[in-house]
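Visitor: Heads up: the protein sequence lines correspond to chains A and B, in order.
First residue of the first sequence? That's 9 in the working numbering, and the numbers climb one at a time after it.
First residue of the second sequence? That's 15 in the working numbering, and the numbers climb one at a time after it.
Hints listed in this document are in silico derivations from the structure and should not be mistaken for laboratory results.
Any given hint might turn out to be false.
Stated by the list, open to error - Straight-line distance between alpha carbons at most 25 Å, and here's what the computed DMTMM-like set of lysine to aspartate or glutamate pairs gives: (1) A:Lys233 - A:Asp12; (2) B:Lys113 - A:Glu166; (3) A:Lys27 - A:Asp42; (4) B:Lys16 - A:Asp64; (5) B:Lys95 - A:Glu166; (6) B:Lys16 - A:Asp34; (7) B:Lys16 - A:Asp78; (8) B:Lys16 - A:Asp132.
In case you want the letters, here they are:
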Amino acid sequence: MINDVWIAGGAMTPFNRRKDESSFRDWARAVVQDALDDAGLEPSDIDALVVASESDFFTLQLNPAALLADECGLVGVAAKRVEGGGASGHVAIQAGVADIAGGLARRVMVLGLEPSASHLAGPDVGGLYALSFDAWTDGMTGADSTSLYALSALAFMERTGAKHDDFARIAVRNRAHARHNSNAHLPLDIAVADVGASPVVAAPYHRLDCSPLSDGAAAIILARKADLPKLWRTRTRFVATAGATDCVRLGERRDPGFFAGKQQAAIRAYKMADVTPTDIGLAEVYDSYSGAQLQAVEALQLAPDTLRAERHGVFNADGSLPINLSGGLLGQGAPVGATGVAQILTAAQQLEGRYAGQQPARSPSRALVDTHGGIATLNCVSILEAP
Amino acid sequence: MKLHMSLDYTISEGALKPYFDALLRGDALASRCHSCGHVGFPARVICNICGSREMDWVTLSGAAEVIHRTDGAKSGFALAKFSGADTLTTVALTNPASKATIGRLSTPVGARPGLWLKLDETT
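Next up, chain A with everything else stripped away, as it sits in the complex (with noise of 0.2 Å):
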């Protein structure tokens, strides 16, 4: 178990498609800023940035931890840049939680983000995220990341006997959940009948199945219990957080509907915890596609029988086990670096009892935050403790 790393504060911009002519060096900024005010501390109490971003071709910007340091007015801290695809923002919080518990920093700050949307046209951003697979051989046929999962999903959905009408639940769930989110990129109101009746993107995806493309930065600064002798008691704790990878190329796993991965991710989180599935009480989990929440949980060994569970709403806010209380990528958005981050941002307010959107039903003790890049090829699992 981790036993002394704390989240002392943290913010988020909005997730959305900007059109302000705000640029990411303004969302850093801010999002710094927030995330001092709201853990009570000043710059110069920061030692350690750690940047996720998971492309430059976003970015158009080689080395930017350096520049976001100085932009964000922290120079003189030790930064570094950390890349995991669609986990960067996950990855970099391990890396923060690494130099923590390792005693290397004392308080780090993580910032995500990505210019996702508004830098590159749909189509070329589209072209990009096909090399996030093996891009020898995917990326070269054009393989788009929709058509990817969707491969997987036919074969979660043969084997399970999942039907588009459990993906389309999730899809509009998680909408729903982000009308309360005023950050979100995609409030919507919509029925399970929309989803099936918007455009076809890569079968049996439609296009309200898919997360969007989004801009936004994200924060979190970790400290240990001593370094936050004011905070700690009101403050979320990390108990775990745990990787692993799957093969790249879907063809080669034992099933390409299962996320093997993110299993082993998610059993290493466990152990070390010293917790079993039963003792989550809130989890965010990685929704890049509605069908790719319920690979997810089943992985994750959320529920016994997960399509059962689905469908009985153990799910929903008002359920056991609330999942995406946010929206997930599907409501609140995917701006890549920022992704986990927030996530995980989302899952320690929750705790804190101090989230403005969509509350559970019950207080949770524990929350689970799970992220990937590729088609659940580099996992990241976290687990947090109410204060």
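Since the structure of chain A is already known, use the hints to place chain B on it.
Guide: Positioned in the frame of chain A, the structure of chain B alone reads:
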């Protein structure tokens, strides 16, 4: 501010050069593990089953069966089982209008080295 970049990459395939050279000819060159016999297509340098680094080359017929298939507005992709391979392979379909479930490896479209399957329209 506006900026346009055009990048022209030259990427060495390294140990997998025979596999990529074969693809450009339309040939399915797979790897076969010297230790456990596992046949991988696309070819691998290290066996993903037993971890052996001793791999042989084996030429497959190129015939394949579609196991899962997804279609978009203008394109189709599939997980296909190539005859003689122990893995499934993600392929782009050269003729996605066809609903056939068997096909054959095609020379890459646009001379890019990815995996393309031409569905057999006579079936």
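Visitor: All hints are to be evaluated individually against the structure, with a verdict given for each.
Guide: Tested hints:
1. Between the alpha carbons of A:Lys233 and A:Asp12 the distance comes to roughly 6 Å, so the proposed pair stays at or under 25 Å and holds.
2. The straight-line distance between the Cα atoms of B:Lys113 and A:Glu166 is roughly 19 Å, inside the 25 Å bound, and the hint therefore holds.
3. The suggested pairing of A:Lys27 with A:Asp42 holds, with an alpha-carbon distance near 22 Å, which does not exceed 25 Å.
4. For the proposed pair B:Lys16 and A:Asp64, the alpha carbon gap of about 16 Å is at most 25 Å, so the pair holds.
5. Straight-line distance between C-alpha atoms of B:Lys95 and A:Glu166 comes to about 17 Å, which keeps the hinted pair within the 25 Å bound.
6. A C-alpha spacing of about 18 Å is found between B:Lys16 and A:Asp34, which places the hinted pair at or below 25 Å, so the restraint holds.
7. In summary, the hint linking B:Lys16 to A:Asp78 is supported, as the alpha carbons are separated by about 24 Å, within the 25 Å threshold.
8. About 15 Å separates the Cα atoms of B:Lys16 and A:Asp132, which keeps this hinted pair within 25 Å; it holds.
When each numbered hint is compared with the structure, no violation occurs for any of them.
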